[in-house]
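Which chain is which? The protein sequence lines are A and B, in order.
One point on numbering: in this note's numbering, the residue at position 34 of the first sequence is 121, and numbering is uninterrupted.
One point on numbering: in this note's numbering, the residue at position 155 of the second sequence is 191, and numbering is uninterrupted.
Since the hints were made in silico from the structure, they are not lab data.
The beta-carbon is built from N, C-alpha and C at its ideal position, and this holds for glycine as well.
Some clues are possibly wrong.
Straight line, CA to CA, 20 Å or less: simulated EDC-like cross-link-like pairs of lysine to aspartate or glutamate [stated by the list, open to error]:
#1 198(B) - 345(A)
#2 196(B) - 357(A)
#3 198(B) - 371(A)
#4 198(B) - 332(A)
#5 196(B) - 190(A)
#6 198(B) - 174(A)
Label pairs and their calculated CB-CB ranges [said to hold, decoys possible]:
#7 62(B) - 208(A): 39 to 47 Å
#8 62(B) - 181(A): 24 to 32 Å
#9 165(B) - 181(A): 53 to 61 Å
#10 125(B) - 202(A): 52 to 60 Å
#11 332(A) - 216(B): 47 to 55 Å
#12 154(B) - 371(A): 28 to 36 Å
#13 45(B) - 186(A): 52 to 60 Å
#14 206(B) - 359(A): 19 to 27 Å
#15 206(B) - 371(A): 51 to 59 Å
#16 258(A) - 219(B): 39 to 47 Å
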Amino acid sequence: MLIRKPEKISESEVTPYELYLNRRKFIGRAGRIALLAAVAPGSVSACDFAGKEAEATEAGGQEDKLTPYEDVTTYNNFYEFGTGKGDPARNAGPLVTRPWTVEVTGHCERPGEYAVEDILGRFPPEDRIYRLRCVEAWSMVIPWMGFPLKDLLSWVQPTSRAEFVEFTTLYDPEQMPGQRRRVLDWPYVEGLRMDEAMHPLTLMATGLYGKELPNQNGAPLRLVVPWKYGFKSIKSIVRIRLVEDMPSTSWNLAIPNEYGFYANVNPEVDHPRWSQARERRLGELRRRPTLMFNGYAEEVASLYAGMDLRRWY
Amino acid sequence: MAALRLGVWALGLGPLVWTGVRIATGNLGANPVEELLHWSGRWGLILLLVGLTITPLRRLTGWNRIIKVRRTVGLFAFSYVSLHLCLYLALDQGLAWSFILEDVTERPFITSGFLAFLLLVPLAVTSTKGWIRRLGRRWQKLHRLVYLAAGLGVLHFYWKVKADTFWPLVAAAVLAFLLLVRIRWKGHRNAPG
Numbered sequence: 088m089l090i091r092k093p094e095k096i097s098e099s100e101v102t103p104y105e106l107y108l109n110r111r112k113f114i115g116r117a118g119r120i121a122l123l124a125a126v127a128p129g130s131v132s133a134c135d136f137a138g139k140e141a142e143a144t145e146a147g148g149q150e151d152k153l154t155p156y157e158d159v160t161t162y163n164n165f166y167e168f169g170t171g172k173g174d175p176a177r178n179a180g181p182l183v184t185r186p187w188t189v190e191v192t193g194h195c196e197r198p199g200e201y202a203v204e205d206i207l208g209r210f211p212p213e214d215r216i217y218r219l220r221c222v223e224a225w226s227m228v229i230p231w232m233g234f235p236l237k238d239l240l241s242w243v244q245p246t247s248r249a250e251f252v253e254f255t256t257l258y259d260p261e262q263m264p265g266q267r268r269r270v271l272d273w274p275y276v277e278g279l280r281m282d283e284a285m286h287p288l289t290l291m292a293t294g295l296y297g298k299e300l301p302n303q304n305g306a307p308l309r310l311v312v313p314w315k316y317g318f319k320s321i322k323s324i325v326r327i328r329l330v331e332d333m334p335s336t337s338w339n340l341a342i343p344n345e346y347g348f349y350a351n352v353n354p355e356v357d358h359p360r361w362s363q364a365r366e367r368r369l370g371e372l373r374r375r376p377t378l379m380f381n382g383y384a385e386e387v388a389s390l391y392a393g394m395d396l397r398r399w400y
Numbered sequence: 037m038a039a040l041r042l043g044v045w046a047l048g049l050g051p052l053v054w055t056g057v058r059i060a061t062g063n064l065g066a067n068p069v070e071e072l073l074h075w076s077g078r079w080g081l082i083l084l085l086v087g088l089t090i091t092p093l094r095r096l097t098g099w100n101r102i103i104k105v106r107r108t109v110g111l112f113a114f115s116y117v118s119l120h121l122c123l124y125l126a127l128d129q130g131l132a133w134s135f136i137l138e139d140v141t142e143r144p145f146i147t148s149g150f151l152a153f154l155l156l157v158p159l160a161v162t163s164t165k166g167w168i169r170r171l172g173r174r175w176q177k178l179h180r181l182v183y184l185a186a187g188l189g190v191l192h193f194y195w196k197v198k199a200d201t202f203w204p205l206v207a208a209a210v211l212a213f214l215l216l217v218r219i220r221w222k223g224h225r226n227a228p229g
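Start from the sequences and build out the full structure, keeping to the hints where you can.
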């Protein structure tokens, strides 16, 4: 298997990302509003946030407006709570997210069970506005809060044997009614190559719109990998395992010819049953062209240099 | 009879009225286009299956007059399927014909739905008294195509879902049951004695 894997993310690879942040000036303003919301709860409602900051940024010559909080939190794929888009918002309310522990295991120097409060305390949240492109050809723009996964990984110190990171969602059919039916092989498992996991865009999200992460969006801790289809961004994580071999991931196990391990957003590689060339941005009537790597090609394309993306879909 | 007719019209128009209310009050959720597509497809298939239930029900209960509403149910089914197609072409695809052509020719999920629609067109056209008279025995033969159309519709539904095949399988089971009942009756009729 030919996989290019840089030893380390160099400083020069991080810098363009900072530039990227500056170029999209509104992110800074959104951050301030989010901060205001955090320090003075009630002063800024989610609606204000969307209204005031629904200004345009651009990617591929297209406008990116924030998807309203209401849509972000009522239209979800989280099969643990049911397969309908509205099921998670209806059923995830009672999920107990405190206490919550995340087990870090596998090839690292600091394995252990970590309370989510400790993780959140150690890695303060930053604001990130990302496009989210679902494999079903719809998309959103979400103002997340969270910390780069690389900070957590660097802290637990992966050994040289760690080539991949495997994530696991909570398995608890009592709390997660969707798990009472075997729609997927529970618990949900996802994974990233180590260089993908260490990429500065890869986020561990703890909130959105300046608020704590709603249960239906994957509380208390979820992954966000903005250049990959949404199903890679695993929710309600209870285990992070550093492994040598490519993990078997849930959708890949369920329907291997439709859902690959990489699942990079790619308008040129269609899903066997539908086109990936265009997408419907929620709130818009007309479909818009899908961008390579969901518009993050500048930042991540180098991770896949020399790889046949048609084969490694 | 009047009550039966009223019931059938309520079944056919009810979803339309209810959805009209949802549209007017902005209650279609975050992805209205998807919601309308699913809704119209769902009712097209439901009404096709309801239409196919009428003859077995008539045989079972001896309630002969129920046959009088079969055409209405069938035409309502065709209306929802047509609406479904129009929504797909105009709202979902924005009349982007190159994409539509690619969908119809290269994706079995779309091809099956499109074929089901095409099969229903001659049935809707020949549903009038004049055509029934003109076609005679051939009319019944022609209208057996509805089973094929319903089968393709179920397949279209099955191929549409990602992993949760519960409802497509329910639809398949209902269709299979209706088909088996019919084949069984046919067998009895031809049996000696």
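Going through the hints against the structure:
For the given pair, residue 198(B) sits about 10 Å from residue 345(A) by alpha-carbon distance, which is consistent with the 20 Å threshold. For the suggested pair residue 196(B) and residue 357(A), the alpha carbons sit about 15 Å apart, so the restraint of at most 20 Å is met. At roughly 24 Å between alpha-carbon atoms, residue 198(B) and residue 371(A) are farther apart than 20 Å, so this suggested pair is violated. For a cut-off of 20 Å, the pair hint linking residue 198(B) to residue 332(A) is broken: about 27 Å separates their Cα positions.
Proximity of residue 196(B) to residue 190(A) is assessed by CA-CA distance (about 37 Å); at most 20 Å being required, the pair is judged violated. In summary, the hint linking residue 198(B) to residue 174(A) is supported, as the alpha carbons are separated by about 16 Å, within the 20 Å threshold. Range check, residue 62(B) to residue 208(A): about 41 Å between beta-carbon atoms, so the 39 to 47 Å window is met. Look at residue 62(B) against residue 181(A): about 28 Å separates their beta carbons, and that is inside 24 to 32 Å.
With their beta carbons about 59 Å apart, residue 165(B) and residue 181(A) fall inside the hinted range of 53 to 61 Å. One distance hint, 52 to 60 Å for the beta-carbon pair residue 125(B) and residue 202(A), holds here, with the actual separation near 53 Å. The beta-carbon spacing between residue 332(A) and residue 216(B), approximately 48 Å, falls within the hinted interval of 47 to 55 Å. With their beta carbons about 31 Å apart, residue 154(B) and residue 371(A) fall inside the hinted range of 28 to 36 Å.
For residue 45(B) and residue 186(A), the hinted distance range of 52 to 60 Å is satisfied, since their beta carbons lie about 57 Å from each other. At about 24 Å, the beta-carbon gap between residue 206(B) and residue 359(A) stays in the expected band of 19 to 27 Å. Take residue 206(B) and residue 371(A): their Cβ atoms lie about 33 Å apart, and the range 51 to 59 Å is violated. Hint check: residue 258(A) to residue 219(B), Cβ distance near 45 Å, so the stated range 39 to 47 Å holds.
This entry does not satisfy hints 3, 4, 5 and 15, going by the numbered hints stated previously.
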